[in-house]
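2 protein chains.
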Amino acid sequence: MTNKFEEKTIATTQIFNGKIINLQLDEVTLPNGETSKREIIRHPGGVGIIAVTDENKILFVEQYRKPLDKSLVEIPAGKLEPDEKPEVTAKRELEEETGYTTDKLELVTSFYTSPGFADELLYIYYTDKLVPIKEKMALDEDEFVELVELTLEEAEALMIENKIHDAKTVYAITYLQHLLKK
Amino acid sequence: MTNKFEEKTIATTQIFNGKIINLQLDEVTLPNGETSKREIIRHPGGVGIIAVTDENKILFVEQYRKPLDKSLVEIPAGKLEPDEKPEVTAKRELEEETGYTTDKLELVTSFYTSPGFADELLYIYYTDKLVPIKEKMALDEDEFVELVELTLEEAEALMIENKIHDAKTVYAITYLQHLLKK
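Protein chains in written order, with the working numbering: chain A, 423 to 604; chain B, 423 to 604.
Don't read these hints as lab results, they were simulated from the structure. Hints may be right or wrong, so weigh each one.
Because identical chains share one entry, a pair is satisfied inside a single copy or across any pair of copies.
Calculated pairs, DSBU-like style, for lysine-lysine (alpha carbon to alpha carbon, straight line, at most 35 Å) [unchecked claim]:
1. K441 - K526
2. K507 - K426
3. K551 - K430
4. K459 - K488
5. K513 - K441
As the structure is a prediction and not an experimental result, all values here were calculated from the model.
Produce the entire structure from the sequences given, and follow the hints as far as they go.
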């Protein structure tokens with residue numbers, strides 16, 4: 423399959439350049455020759471880590487999400503630094519957010535979170551080879567998270583309560599259900 | 423669990439109001455008393471439909487995604503209209519994009535696509551009770567999609583090629599793998 427229904431860019435207007443996202447407005451030619459506008463968020467992309475301890479607990483972090491004005495329980499995750507390989511990001515975020523490290527990260531999948539308006543690509547890793555690190559590493563200065571270790575059953579209950587409620591973490595639960603053939 | 427690490431809004435600046443997304447910049451008080459800025463995308467939310475035919479084919483649509491400058495194969499999906507119930511959106515988008523309808527939509531899950539910067543919430547439905555409709559309905563005027571019916575094995579192959587590569591569709595494949603206990 424090719425790039426069916428391709429839309430050629432006529433003009434790009436930069437609207438906003440932020441710490442995390444940029445917003446641009448593209449004027450495009452549609453497949454039928456008409457023109458339209460596309461609102462596009464540029465994001466550096468990120469990682470999420472499905473991490474299972476020796477005691478069969480899954481590592482999560484609780485954190486406040488300002489766009490929702492509430493806190494969620496999510497798998498450890500973070501943004502790519504410029505030119506950083508996703509596996510390096512994954513190891514760093516695991517260490518910073520959970521106090522565990524690993525030498526074995528397996529890439530499970532990757533996906534665009536919302537391809538209609540954003541180019542954010544998330545890489546999802548899996549590890550069940552976790553080693554506690556002695557000194558917990560520093561988080562970003564505006565980052566506040568709390569480690570939560572849960573069984574799969576406890577995580578399923580939080581999903582029903584909508585406390586686990588984001589794409590990468592709901593994906594992680596379903597992946598683990600499938601992995602364990604529950 | 424409560425709203426741990428809550429961030430109080432000091433001021434909100436509206437940056438952009440678009441057709442699909444709005445962008446605002448919130449100045450917030452962090453849990454440690456410092457202030458920071460949060461870049462927030464407001465989105466109406468949407469639906470995705472996991473639809474399986476009598477012949478055990480899964481319905482997908484191929485469409486061009488300008489933020490990625492390529493086309494993806496995704497489950498049928500669409501945005502909520504103002505005050506529209508997600509189940510109504512799901513039925514409408516199924517009809518518009520695939521030419522099938524249904525009287526039985528089961529809510530599988532819902533998730534925020536990218537809670538770090540956006541409030542977009544997606545509702546995922548499942549149906550295997552599909553009825554072809556006689557006249558295909560009109561798409562939005564700037565929407566061009568092509569129906570693709572695939573077996574689960576064919577869809578898994580497209581996922582490996584990164585032609586299926588967005589959160590809701592990767593979720594759908596894993597959900598179906600789990601449902602069928604593959």
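How the hints compare with the structure:
Taking the shortest Cα distances, K441 and K526 sit within 35 Å of each other inside one copy (31 Å), while across copies they are farther apart (44 Å). Taking the closest pair of Cα atoms, K507 and K426 come within 35 Å of each other both inside a single copy (30 Å) and across two copies (31 Å). In this assembly of identical chains, the alpha carbons of K551 and K430 never lie at most 35 Å apart, being 46 Å within a copy and 38 Å across copies at closest. For a Cα distance limit of 35 Å, the shortest separation of K459 from K488 qualifies both inside one copy, at 28 Å, and across copies, at 10 Å.
Within a single copy, K513 and K441 get their C-alpha atoms as close as 22 Å, which meets the 35 Å cut-off; across copies the closest is 38 Å, which misses it.
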